[in-house]
Amino acid sequence: MSDRAKQFMPFSALGGFGELLREKEKIKSEKRELSFEMEKELSDKISLIKKGDIVFLEYFENGEYFSLEGIVTKIDFTFKTLTIVKKELHFEDILEIAIK
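So for the sequence shown, numbering that gives the first Met the number 0 puts the first residue at 0; every next one is plus one.
No lab work stands behind these hints, which were simulated from the structure alone.
Note that this is a predicted model, so its numbers are computed, not measured.
One or more hints might be untrue.
Claimed, not checked - Label pairs and their calculated CB-CB ranges:
| hint | residue 1 | residue 2 | range |
| --- | --- | --- | --- |
| 1 | K86 | E40 | 17 to 25 Å |
| 2 | H89 | E36 | 28 to 36 Å |
| 3 | I53 | G15 | 34 to 42 Å |
To be verified - With a straight-line Cα cutoff of 25 Å, these simulated BS3-like cross-link-like pairs (lysine-lysine) come out:
| hint | residue 1 | residue 2 |
| --- | --- | --- |
| 4 | K49 | K85 |
| 5 | K79 | K44 |
| 6 | K44 | K85 |
| 7 | K27 | K50 |
| 8 | K79 | K50 |
Note that beta-carbon positions come from the ideal geometry of N, C-alpha and C, so glycine has one too.
Turn these sequences into a full structure, and let the hints steer you where they fit.
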């Protein structure tokens, strides 16, 4: 009886094709260049961040901009990286940041 039921189950000959199309539909954008004043302001904000702070930021990755809010688990001024929970970001990819 169970073999008979399998015959009526949905089948997709192009498995994963829909997801691939949705990925292709995404509009990629160029990374925005910050003015000197904006870079200075961002640098000042980053210098105030400590491990355990809650931050909200916008960052650039793979042709897209994303927003992220979370707890700072690591900040490395030598390698210029900021880790929020498990997401590691380079300072140069951060567009805006706010300490909560």
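Results for each hint:
no.	hint	result
1	K86 / E40: 17 to 25 Å	holds (23 Å)
2	H89 / E36: 28 to 36 Å	violated (21 Å)
3	I53 / G15: 34 to 42 Å	holds (37 Å)
4	K49 / K85	holds (16 Å)
5	K79 / K44	holds (13 Å)
6	K44 / K85	holds (21 Å)
7	K27 / K50	violated (32 Å)
8	K79 / K50	holds (14 Å)
This entry does not satisfy hints 2 and 7, going by the numbered hints stated previously.
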